[in-house]
Structures are given as C-alpha cells and as structure tokens.
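Protein chains: 2
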Amino acid sequence: MVEQRKPIPVAEAVKKVIGQAQLLGTEMVSLDQSYNRILTEPIIAKHPVPPFDRSPYDGFAIISKYSIGASGDNRIKFTVIDHIGAGSVSEKLLSGNEAIRIMTGAPLPKNADAIVMFEQTVESKDSFTIRKPFTPLENVSQKGEDIKQSETVIERGNLIHPGTVALLATFGYAQVCVSKQPIVGILSTGTELLDVADKLVPGKIRNSNGPMIAAQLARMGILCKTYGLSADKLDKSFEIVKKAAEETDCLITTGGVSVGDFDFLPAIYERLGAQILFNKVAMRPGSVTTVAVADNKYLFGLSGNPSACFTGFELFVRPALLKMMGAEKLYLPHTTAILGEDFTKANPFTRFIRAVYDGHTIKPAGFNKSNAVASIAKGNALIVLPDGTRGFKSGDTVDVLLLGVEEGSALWKIE
Amino acid sequence: MVEQRKPIPVAEAVKKVIGQAQLLGTEMVSLDQSYNRILTEPIIAKHPVPPFDRSPYDGFAIISKYSIGASGDNRIKFTVIDHIGAGSVSEKLLSGNEAIRIMTGAPLPKNADAIVMFEQTVESKDSFTIRKPFTPLENVSQKGEDIKQSETVIERGNLIHPGTVALLATFGYAQVCVSKQPIVGILSTGTELLDVADKLVPGKIRNSNGPMIAAQLARMGILCKTYGLSADKLDKSFEIVKKAAEETDCLITTGGVSVGDFDFLPAIYERLGAQILFNKVAMRPGSVTTVAVADNKYLFGLSGNPSACFTGFELFVRPALLKMMGAEKLYLPHTTAILGEDFTKANPFTRFIRAVYDGHTIKPAGFNKSNAVASIAKGNALIVLPDGTRGFKSGDTVDVLLLGVEEGSALWKIE
Numbered sequence: 001m002v003e004q005r006k007p008i009p010v011a012e013a014v015k016k017v018i019g020q021a022q023l024l025g026t027e028m029v030s031l032d033q034s035y036n037r038i039l040t041e042p043i044i045a046k047h048p049v050p051p052f053d054r055s056p057y058d059g060f061a062i063i064s065k066y067s068i069g070a071s072g073d074n075r076i077k078f079t080v081i082d083h084i085g086a087g088s089v090s091e092k093l094l095s096g097n098e099a100i101r102i103m104t105g106a107p108l109p110k111n112a113d114a115i116v117m118f119e120q121t122v123e124s125k126d127s128f129t130i131r132k133p134f135t136p137l138e139n140v141s142q143k144g145e146d147i148k149q150s151e152t153v154i155e156r157g158n159l160i161h162p163g164t165v166a167l168l169a170t171f172g173y174a175q176v177c178v179s180k181q182p183i184v185g186i187l188s189t190g191t192e193l194l195d196v197a198d199k200l201v202p203g204k205i206r207n208s209n210g211p212m213i214a215a216q217l218a219r220m221g222i223l224c225k226t227y228g229l230s231a232d233k234l235d236k237s238f239e240i241v242k243k244a245a246e247e248t249d250c251l252i253t254t255g256g257v258s259v260g261d262f263d264f265l266p267a268i269y270e271r272l273g274a275q276i277l278f279n280k281v282a283m284r285p286g287s288v289t290t291v292a293v294a295d296n297k298y299l300f301g302l303s304g305n306p307s308a309c310f311t312g313f314e315l316f317v318r319p320a321l322l323k324m325m326g327a328e329k330l331y332l333p334h335t336t337a338i339l340g341e342d343f344t345k346a347n348p349f350t351r352f353i354r355a356v357y358d359g360h361t362i363k364p365a366g367f368n369k370s371n372a373v374a375s376i377a378k379g380n381a382l383i384v385l386p387d388g389t390r391g392f393k394s395g396d397t398v399d400v401l402l403l404g405v406e407e408g409s410a411l412w413k414i415e
Numbered sequence: 001m002v003e004q005r006k007p008i009p010v011a012e013a014v015k016k017v018i019g020q021a022q023l024l025g026t027e028m029v030s031l032d033q034s035y036n037r038i039l040t041e042p043i044i045a046k047h048p049v050p051p052f053d054r055s056p057y058d059g060f061a062i063i064s065k066y067s068i069g070a071s072g073d074n075r076i077k078f079t080v081i082d083h084i085g086a087g088s089v090s091e092k093l094l095s096g097n098e099a100i101r102i103m104t105g106a107p108l109p110k111n112a113d114a115i116v117m118f119e120q121t122v123e124s125k126d127s128f129t130i131r132k133p134f135t136p137l138e139n140v141s142q143k144g145e146d147i148k149q150s151e152t153v154i155e156r157g158n159l160i161h162p163g164t165v166a167l168l169a170t171f172g173y174a175q176v177c178v179s180k181q182p183i184v185g186i187l188s189t190g191t192e193l194l195d196v197a198d199k200l201v202p203g204k205i206r207n208s209n210g211p212m213i214a215a216q217l218a219r220m221g222i223l224c225k226t227y228g229l230s231a232d233k234l235d236k237s238f239e240i241v242k243k244a245a246e247e248t249d250c251l252i253t254t255g256g257v258s259v260g261d262f263d264f265l266p267a268i269y270e271r272l273g274a275q276i277l278f279n280k281v282a283m284r285p286g287s288v289t290t291v292a293v294a295d296n297k298y299l300f301g302l303s304g305n306p307s308a309c310f311t312g313f314e315l316f317v318r319p320a321l322l323k324m325m326g327a328e329k330l331y332l333p334h335t336t337a338i339l340g341e342d343f344t345k346a347n348p349f350t351r352f353i354r355a356v357y358d359g360h361t362i363k364p365a366g367f368n369k370s371n372a373v374a375s376i377a378k379g380n381a382l383i384v385l386p387d388g389t390r391g392f393k394s395g396d397t398v399d400v401l402l403l404g405v406e407e408g409s410a411l412w413k414i415e
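Going down the list, the protein sequences come from chains B and W. The opening residue of the first sequence carries number 1 in the UniProt record's numbering; numbering runs sequentially from there. The opening residue of the second sequence carries number 1 in the UniProt record's numbering; numbering runs sequentially from there.
In short, the hints are calculated from the structure, not lab data. Fair warning: there could be bad hints in the mix.
Copies of the same chain look alike in the list, so a pair counts if it works inside one copy or between any two.
Computed list of lysine to any residue pairs in SDA-like fashion (alpha-carbon distance at most 20 Å, straight line) [what the hints assert, rightly or not]:
no.	residue 1	residue 2
1	LYS369	GLY69
2	LYS329	ALA410
3	LYS323	LEU234
4	LYS6	GLU119
5	LYS46	LYS199
6	LYS329	ARG131
7	LYS65	THR344
8	LYS329	ARG219
9	LYS363	ALA410
10	LYS233	THR79
11	LYS92	PHE171
12	LYS323	SER409
13	LYS242	ALA294
14	LYS46	ASP399
15	LYS148	LYS369
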C-alpha cells in the first residue's frame with residue numbers, strides 16, 4: 001500500500017525549514033581565519049577613513065590662495081622646503097609660495113590645502129612653477145571621505161569576504177567575532193551502497209551522495225562528521241541515527257525517505273519523537289525530501305537519488321545552516337537567463353534542472369532524471385520552471401539559481 | 001621628473017600575464033580533500049551509469065508482454081514470487097504472469113523488462129492487478145543511460161565542485177589527481193603601514209591589502225606565506241623581495257610601483273634582472289599595476305591603494321594562478337546587468353567599479369576612488385565601463401564581473 005503524502009510548495013517548505021533554526025553561539029577567530037565566516041556584530045568605523053587629510057598623488061602640497069592668477073602666460077613659482085613620503089609627517093609650516101614635496105598617502109602638511117601633481121609642474125632644482133590656480137582641497141583625499149567615524153559600514157549577518165577582511169584590517173580587528181559553525185553529520189543509507197574505495201559488485205553502486213554533501217558543506221566553509229553507510233535495517237539504523245543526532249546540530253541522511261518497503265527513515269523519525277516539518281515537496285527532483293526536528297536539531301532526510309539529494313541540500317540545508325549562523329543572505333543567488341534549447345516536458349511540480357549558465361544563456365546540463373549524476377558534475381546552475389507549466393522554448397527567459405560560480409569563465413570578455 | 005609609462009589595454013595585459021604561466025606539477029589528494037582543486041586528468045567513465053538496468057520506482061518487475069490487453073474492464077493479475085530491495089539481486093526467473101516486488105535502485109530481475117509502479121496497481125496479499133499494458137523497458141532505468149562506459153564526462157582543467165565529487169565517488173576515485181597549488185608570497189610595502197594589531201598613529205594606516213589578498217587567495221583555496229611589512233627602503237626591501245621570490249612561485253607585493261620618490265619596486269625589479277611585462281595598464285583603478293617575471297616566477301606589483309590592489313588581484317593574479325594549475329576557466333564569471341543609477345564620470349581608461357549586483361540590476365557600492373576600502377567590503381561584483389566612454393545612465397546595460405557570489409541572496413525569489 002502506498003502512503004499518501006500531501007506535497008507542499010517549495011517556498012512554503014523553505015519557510016518551514018528556516019523557521020526552525022536555532023541560533024548558534026559566537027566565537028572569536030583571528031582575522032586570517034575569518035574568510036567565509038558570518039559576522040555576528042556590525043563593523044562600526046573606529047575612526048574616519050582616511051584617518052587624516054592626505055595626498056592621493058605624488059606632488060607638492062601648497063597653500064592654494066598663492067596659486068591664484070597662475071596661467072600659461074603667468075606661471076607662478078613655489079619653493080620646496082621639505083620632502084615627505086607616506087608614513088612621514090612634516091613638521092614644517094608653509095608661508096606664501098612655499099611647498100612641500102609629498103608622496104601618495106602622506107598626510108597633508110599643517111597649513112597646506114591643495115596638492116599639485118608632478119604632471120602639473122615644471123620642476124627646477126628646489127622649486128617648480130604652475131600654470132593654473134588651485135582651489136582649496138583640490139587633489140586632497142579628505143579625512144573621513146570614504147568612511148565617517150562611528151558609521152556602521154557592514155551590518156551583522158554578512159559573510160566575511162576579502163573586501164570585508166580589508167575593512168576589518170583597516171579598523172584593527174586582529175580578532176573577529178563570528179558565529180560558531182554547526183556540527184553537521186552525514187549518514188548515507190541504503191543496502192545498495194558501497195564505499196568509494198570498494199570494487200563494484202552486481203546490484204550495488206558506490207555512495208556518491210555522502211562525499212558530494214561533504215563538498216557542498218566545504219563550499220560553505222563547514223566541516224562535517226561522516227557516519228558512513230547504513231544498510232536498510234531498522235533497529236541498527238535507528239541506533240546510528242540516534243547517536244549521530246545527539247552528536248550533531250544537524251544530521252543529513254540520504255535515502256530511505258520514500259515509501260518503499262525498506263525506507264525506514266519515517267519509522268526512525270517516529271521512534272525519535274521527531275516533528276516532521278514536511279515529507280513531500282511539490283518539486284522535481286526530490287519530492288520525497290523530508291525535514292524533521294528533534295531536540296531542536298535538524299534531521300534532513302534527503303533523497304538517495306543524487307540529483308534530488310544535491311538539489312535538496314542547496315534548497316533546504318544550505319539556508320538552514322546559514323540561518324543557524326545568523327546570516328542575512330540565506331538563499332542561492334538568483335538571476336534570469338535565456339533558455340538555450342527547448343524544454344518540452346510538462347512540469348506538474350516546480351522543476352529544478354541542473355544546467356550550464358554562461359552569464360547570458362542557460363542550457364540543461366544533460367540527462368535529466370533524479371538519479372542522474374553526470375548533470376550535477378557538468379552543471380553550474382539550476383533552471384527553475386514553475387509548476388503547472390510546459391513547453392519552454394529556446395529564447396524564453398527563465399529563473400536561474402547560481403551554483404558553483406567559484407569556477408568562473410573560460411573566456412575573457414572585456415576589451 | 002615623472003617617468004613616462006605607456007599604458008597597455010587590459011585585455012592585452014591579461015594575455016601577457018597568462019602567457020608566462022609555468023604549469024605546476026600534479027599530486028594525489030584524497031577525495032574528501034579535493035573540493036576546489038583543479039583536475040589534471042579527465043574523468044573517464046570506468047563503467048556505465050547506472051551500472052545495470054534498475055528500477056527507478058518502488059513497484060513490481062514484470063515481463064511486459066503478459067500485460068498486453070490490460071484495461072479498466074480487463075484487469076490483468078500478476079502473482080508475486082520474490083521481493084528485493086536496492087542492493088539485492090533476485091535469483092528467480094519469471095514465467096508468464098509472475099512478478100517480483102522491487103524497490104527503487106534494485107537491479108531488474110533477469111528476464112523482467114518493465115516496472116509497474118505501486119500507484120499503478122491494486123494489491124492483494126501475494127498478487128496485484130493492472131489496468132494498462134506496459135511496453136518493453138517501461139519505467140526502467142537503463143544501464144548506461146546517464147553515462148556510457150569509457151565516455152569522457154569531465155575534461156581535465158575543470159575545478160572540482162560538489163557535483164564533480166559525486167562523479168568521482170561514483171567511479172571509485174578514492175584518490176584524485178590534481179594540480180599542485182602555487183606557493184604564493186605576500187609582501188606589503190610602505191612606510192605608512194601598521195600591522196592590524198597596532199594602534200593608529202599620525203600619518204600611518206593599518207595594512208589592509210595583505211590580509212585582503214590572503215582572503216582572495218583563500219577564496220581560491222590557496223594558502224600563502226606572508227612576508228609582513230616592508231618600509232620604503234631600497235636595500236632592505238630588495239633583500240626581502242629576493243628571498244621571498246626564491247621561496248615562492250609567485251610573489252605579490254603591494255605599493256611602491258608608482259613613480260613616487262620612495263616607490264622602489266621598479267628599481268628592485270631591475271636589480272633582480274626581472275623582465276617587466278608591463279608597468280602601466282589602461283584601467284582605473286590600478287593603472288600602475290606592474291607584472292614582472294624573474295626565474296620563471298611571477299612578481300605581481302599591485303597598487304598600494306586598496307581598491308586598485310583588489311582589482312589588480314582579480315584581473316591578473318587570479319587567472320595567472322589558475323593557469324599555473326592547468327585550469328581551463330581562468331576568468332571571473334561575466335554577465336551583463338542593468339545599471340541602477342547614473343554614472344556620469346568620463347572613462348579615459350577602462351573603469352572597474354566595485355558594485356552591488358542583485359542578479360538583475362547593479363549599482364556602484366559607494367565611494368569610488370582607488371584608495372577606497374568601504375566599497376570593496378560592500379561590493380559583490382565589478383561594473384566594467386569601456387575606455388573612451390562617458391555618461392552612463394540608469395537603465396543602461398553594462399558589463400559585469402562577478403565576485404563573491406558565494407554569499408547569495410537575502411530574498412527567496414522562487415514560488
């Protein structure tokens with residue numbers, strides 16, 4: 001007999017999942033370990049940037065009013081009385097047509113208010129002439145022009161990327177307060193599964209979901225504990241799931257969530273007293289994706305079919321883990337693109353198709369069944385086709401979720 | 001006096017840089033360490049996928065010809081003689097209207113040629129009836145339908161992402177042959193630089209470029225050696241650069257490449273006998289970016305201005321390192337987007353603007369000078385405006401290079 005399950009829309013499933021997230025604590029990490037972590041406090045400017053008026057060019061600092069009247073026919077001469085590089089401060093005061101030779105990044109001398117670039121001068125030994133007047137603050141990089149003191153530059157919940165690191169370094173964050181990372185377990189279930197190093201035997205296949213999920217976590221900068229393979233035996237699987245759930249914040253299992261005779265996850269969730277958030281989603285692939293919560297911990301029951309498993313991770317596990325870390329940006333980057341070939345199948349459920357996106361057009365990445373593996377390896381994005389549609393044509397605009405954009409492009413497209 | 005340098009177009013500069021790449025060797029890493037590495041051999045199918053005809057559903061295996069004539073008025077009955085789950089092989093042979101109960105992933109029994117899904121039956125104790133005929137191979141996942149034996153599924157030079165890991169696992173690659181990673185050194189030059197942990201003092205700023213570049217490398221999965229800070233002193237800097245160049249495949253310095261009185265990198269390159277590929281690029285920011293080669297090793301002289309430094313890394317260092325690793329996709333992902341606000345400045349050189357891209361529109365990420373740091377932290381993309389243009393309007397389509405798409409989106413945009 002087939003158990004009847006009621007499918008819920010993808011958006012509702014996503015909402016249910018992230019609604020259960022328990023915020024993890026915070027920890028301090030050194031700046032050089034902070035890439036890809038989530039900020040748990042805003043970055044507030046501890047000082048203005050730049051911290052002082054400075055020269056953005058190599059040239060000469062002057063008092064601008066002594067340049068009034070300069071022209072091609074009336075070059076005005078300045079005498080150089082000091083010479084500073086970046087990191088040095090001139091103690092000299094300018095008077096009248098005096099100037100200080102100054103390099104990029106050096107602070108503006110006390111009563112100077114403009115910078116003459118080398119290119120704007122004709123130099124002699126200790127002097128130079130100019131052919132145009134300068135206005136106050138001309139060619140000056142002003143204190144606080146980039147960032148004002150006490151300004152909130154980056155909000156909490158943002159991911160720390162290289163630009164964030166530059167900002168943190170600017171303000172002297174040798175240590176950064178970030179969210180702890182979830183402890184994630186992976187258990188691959190199925191009597192048919194062999195380990196990656198095993199020889200293939202009739203009726204069996206190697207476990208590809210476990211290593212794939214570990215890599216999906218690695219892409220997020222998250223480590224995992226692997227609980228290996230579990231054959232489809234209820235009591236033994238229950239013990240492993242129970243132990244794994246105790247040791248982790250989030251346990252991801254693959255397989256065993258459908259309605260087959262040896263699909264024991266539903267029974268295991270029941271024995272654990274877990275709350276099932278849903279066990280059927282109106283999506284292809286991965287409609288049997290099941291998410292449960294026990295003791296405030298996530299139990300993700302992903303499909304054993306590789307494409308379904310992959311998609312289930314990106315749609316549900318990823319935002320849940322990010323939400324646990326207090327992240328503000330939970331979802332895969334979304335864009336639209338031009339479909340590069342016809343896709344004639346009907347879409348009774350929302351369909352996610354592994355696809356190759358080149359920044360403009362997108363095409364399915366090949367053989368499109370939930371148990372396919374080649375198309376996961378070939379794809380770098382997902383085409384999303386709404387439920388209740390059919391007959392998409394080459395040239396149609398479709399929704400796209402980006403994956404794996406870390407790889408980049410084979411072509412340089414900028415002149 | 002100002003040295004005259006001849007700027008070269010960005011595309012030419014990129015080409016010059018990657019033309020100098022020396023291929024690094026290969027090494028074996030375990031599958032669970034292979035994410036983000038570059039494949040140095042193609043993935044060739046060691047066996048078909050699936051490796052045998054199998055059931056994609058929970059149901060019953062039958063000989064299709066005995067279903068001929070089934071209809072709502074003429075239900076045909078089958079008797080169940082065996083029961084297998086995934087991972088099990090039935091030894092039974094079917095004859096006539098016999099069937100084997102079979103679960104998703106299990107191999108098709110010897111002489112069966114179709115699968116009846118549970119949903120397509122009315123079950124009794126040891127039998128079931130069907131109301132439609134089945135054709136040969138109906139509901140069968142055929143051996144090799146996803147991947148044929150000996151097929152090249154992924155070419156060498158591709159980055160290993162989670163889907164690649166799934167494919168490698170499928171074919172039993174417990175160890176994967178990948179390119180070695182370059183040894184990259186970072187040296188930040190400038191008398192004005194303080195370490196991140198230092199207290200701010202007049203005329204000085206903290207070194208943000210060094211930690212930023214380390215994070216840009218981390219984003220590529222590459223570690224680095226840091227050579228700390230070097231004041232603008234020629235002899236001492238020369239010794240550090242010489243030592244660092246000996247110890248690395250690629251040395252990235254920041255600062256000291258312009259024409260200021262304390263910009264010693266040009267003199268250091270000369271003393272090293274390095275070949276200068278270029279010392280002026282027709283781009284903003286970062287026109288002083290200098291790339292040299294000595295003893296087959298890269299010397300990247302990036303600007304000391306953070307935005308220029310950041311851009312120089314992504315445009316030149318990143319593809320060079322990828323090329324050294326034998327990667328096929330060297331360049332930042334490219335797309336186009338709708339400009340979300342006017343940008344009125346003239347672009348005498350190709351302009352790269354740190355920007356915020358939401359998948360559809362793009363806006364400059366704030367204060368736009370080469371020494372800005374806030375906009376690097378706020379941006380996730382670069383707008384590229386061609387040289388010789390001016391006056392871009394909100395609504396115009398512009399070139400975009402994607403950065404930091406690892407962060408994703410704050411909005412779920414799929415129903």
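**Study point:** Ascending list of hint numbers which this structure does not respect
**Key:** 1, 3, 6, 7, 10, 11, 14
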